[in-house]
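Required output: the full structure, derived from the provided sequences and hints.
Going down the list, the sequences are from chains A and B. Numbered by this note's numbering, the letters in the first sequence go through residues 33 to 353 in order. Numbered by this note's numbering, the letters in the second sequence go through residues 167 to 465 in order.
In short, the hints are calculated from the structure, not lab data. Mixed in with the good hints, there may be bad ones.
[To be verified] Which residues of chain B face chain A? A few of them, derived with a C-beta cut under 7 Å, are:
1. Asp-356
2. Tyr-357
3. Arg-362
4. Ala-363
5. Gly-365
6. Cys-366
7. Leu-373
8. Pro-378
9. Asn-382
10. Asp-457
As the structure is a computational prediction, the values presented were derived from the model and not from experiment. Idealized CB from N, CA, C, for every residue including glycine.
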Amino acid sequence: MTPPLLEMRDVTRSFEVSAGLLRRRRTLRAVNGVSLRLEKGEVLGLVGESGCGKSTIAKMLLGLLPPQSGAILLEGRSLAALDRKAVARRIQPVFQDPYSSLNPRKTVGAIIALPLRVHGIGDRRERRARVFAMMDRVGLAPRLHASFPSQLSGGQRQRVAIARALITAPEILICDEPTSALDVSVQSQILNLLQDLRRELGLTYLLISHNLAVVEHMATRVAVMYLGRIVEEAASETLFGRPRHPYTEALLASVLTPEPGLGLPDTGLGAAFPNPLEPPSGCAFHPRCPKAMPLCRGTPPPARSKDGARVECHLCAAAVP
Amino acid sequence: MTVETFSGAERILEPSAGALLRRRVFGHAGFMIGAAIILAILAAALLAPWLAPHDPYAQDLTRRLVPPVWDAKGSWLDPLGTDQLGRDYLSRLLFGARISLLIGFSAALISGLIGTGLGLCAGYFGGRVDMVASFVVTTRLAMPVVLVALAVVALAGGSLHIVVAVLGLLLWDRFAVVTRAATHQVRQLDYVAAARATGCSTARIILAEILPNIMNALIVIATIEMANAILLDAALSFLGLGVQPPLPDWGLMVAEGKEYMFFSPWVIAIPGLALFTLVLAINLVGDGLRDLAAPENRN
Ligand SMILES: Nc1ncnc2c1ncn2[C@@H]1O[C@H](COP(=O)(O)OP(=O)(O)OP(=O)(O)O)[C@@H](O)[C@H]1O
Ligand SMILES: [Mg+2]
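Structure below.
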């Protein structure tokens with residue numbers, strides 16, 4: 033069996049946060065035992081509320097943040113053992129905020145050409161030609177080549193970020209909320225662009241979003257994250273058609289509110305997102321879960337896998353003995 | 167592919183970024199006045215050999231303490247009069263501009279390199295490096311600049327090189343503190359993460375991605391420290407511990423003239439006024455740069 037293109041195995045990452053002067057530093061478990069597989073050609077959607085650890089996963093997959101335990105494997109080889117540049121040639125990011133992901137002091141042309149220069153690809157003329165070709169491909173007019181990011185609209189900026197990510201022809205794109213900083217009208221343009229590029233270039237995406245509509249539109253498989261753990265993972269149709277975890281159910285129900293797409297809508301779960309510094313005992317979701325049982329308070333739920341779907345919930349554990 | 171190209175119609179009506187910047191620079195009175203004065207002093211310094219009517223070191227003991235031309239006893243032979251050794255004051259003033267500018271510029275450059283380097287490392291790497299850098303800055307802040315300068319110059323002698331070195335090695339703290347804070351802020355931005363994700367080396371990230379974005383603040387500080395160095399040099403010279411006679415340093419001219427100031431007040435008024443004008447102009451330019459670089463003024 034060939035190993036998956038990109039895989040996380042039981043990865044943990046915590047941060048030491050100081051609660052204030054003279055207070056003890058405390059450990060915040062941002063990612064707590066996450067296993068994920070990204071197969072070639074698929075779009076894996078990763079959804080979850082703000083602060084559940086999605087961006088931390090993205091940073092680790094990009095090699096920007098080392099995991100504290102567990103392993104990240106690129107085609108079966110540990111990311112930590114690979115050369116940084118070699119990883120960069122295969123995995124590239126698209127960040128959420130195109131206002132902070134482009135250096136304001138550089139022209140669009142220089143921003144897109146930077147990866148080529150770093151990797152020593154081509155001479156000046158060749159790089160220039162490749163930059164213009166890539167700009168055309170992502171829908172940027174050639175006259176923007178000498179513009180600065182401050183002169184571009186949000187959608188244009190995100191196109192620049194996508195062009196920069198794709199200029200070295202990577203296989204995997206880690207998109208961390210690529211549209212949530214954009215106007216609604218521009219969001220679908222960028223999503224369509226990403227969709228087209230994936231088809232043309234045979235890319236693999238990890239698509240992080242807190243907008244379920246975006247994920248449903250794009251993803252082939254979806255992982256739902258809650259407080260540092262993946263609580264449910266299934267093929268897109270399965271998850272949207274028949275959610276099994278109560279948290280997924282709540283998320284889906286909330287999408288049916290009149291205003292979809294405005295960030296993560298009210299989950300109808302009442303209680304606020306728990307303080308990640310003091311995660312609840314047992315199942316981390318139990319304080320907000322409408323179906324919580326006494327068991328949930330004390331024992332973390334076991335993971336159940338079936339037909340490539342995976343869920344961590346006592347209810348499902350009971351249903352599938 | 168169904169990707170529409172943006173026509174950019176919304177930008178056609180706006181003037182270009184360069185035109186906007188030019189308009190703001192020329193509209194800033196303080197900056198323009200300061201820049202004009204500095205340019206004039208710079209020109210005077212560079213053209214001193216051609217502008218000066220006499221050799222600034224040539225003494226003429228028969229013509230000592232001649233008043234300037236606007237005085238009844240003055241003459242066009244020495245437009246700003248002569249000093250106690252009969253040297254032409256205008257010539258000394260012109261050549262003195264070279265020393266002040268040289269000291270201000272070199273000291274700001276040296277301290278800028280030290281402070282910026284330290285601040286970049288502290289802000290980018292954080293952790294231990296930051297702790298060490300903060301300790302070094304604190305140590306430096308605990309040393310009274312004037313006393314240390316006095317002690318070093320008293321021990322090592324007061325040549326131009328030593329004064330520049332001492333001031334350069336003492337005035338970097340503001341650079342370090344500001345660079346550290348700015349670097350720390352910029353390094354959290356996604357474009358630094360993007361650069362790291364493309365495999366950029368750390369040196370390249372610091373020098374090509376971060377430094378250009380904190381340059382505005384550094385230039386403002388450079389003007390402050392330049393003015394600071396010029397004033398400190400004048401103070402050291404006045405105390406007899408700066409550059410040594412017969413160099414036509416403005417501070418030294420004030421010091422040498424102080425015994426004659428009651429009967430010949432111009433001997434201290436003229437170099438004092440020159441110092442005041444230069445420092446004021448530098449500060450005006452610094453303030454102007456800060457205003458022009460402020461984000462709320464940016465379009
Ligand atoms: N460098 C850091 N230092 C300390 N805590 C951090 C750091 N980075 C992330 N965290 C914490 O880790 C948790 C997860 O953060 P993360 O950015 O991964 O969330 P997220 O799911 O991407 O949220 P969002 O949807 O708001 O982007 C948060 O509680 C955050 O405060
Ligand atoms: Mg995030």
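Against the structure, the hints:
no.: 1; hint: Asp-356; verdict: holds, 4 Å
no.: 2; hint: Tyr-357; verdict: holds, 4 Å
no.: 3; hint: Arg-362; verdict: holds, 6 Å
no.: 4; hint: Ala-363; verdict: holds, 5 Å
no.: 5; hint: Gly-365; verdict: holds, 4 Å
no.: 6; hint: Cys-366; verdict: holds, 5 Å
no.: 7; hint: Leu-373; verdict: violated, 12 Å
no.: 8; hint: Pro-378; verdict: holds, 4 Å
no.: 9; hint: Asn-382; verdict: violated, 10 Å
no.: 10; hint: Asp-457; verdict: violated, 19 Å
Against the hints set out earlier in the document, violations occur for numbers 7, 9 and 10.
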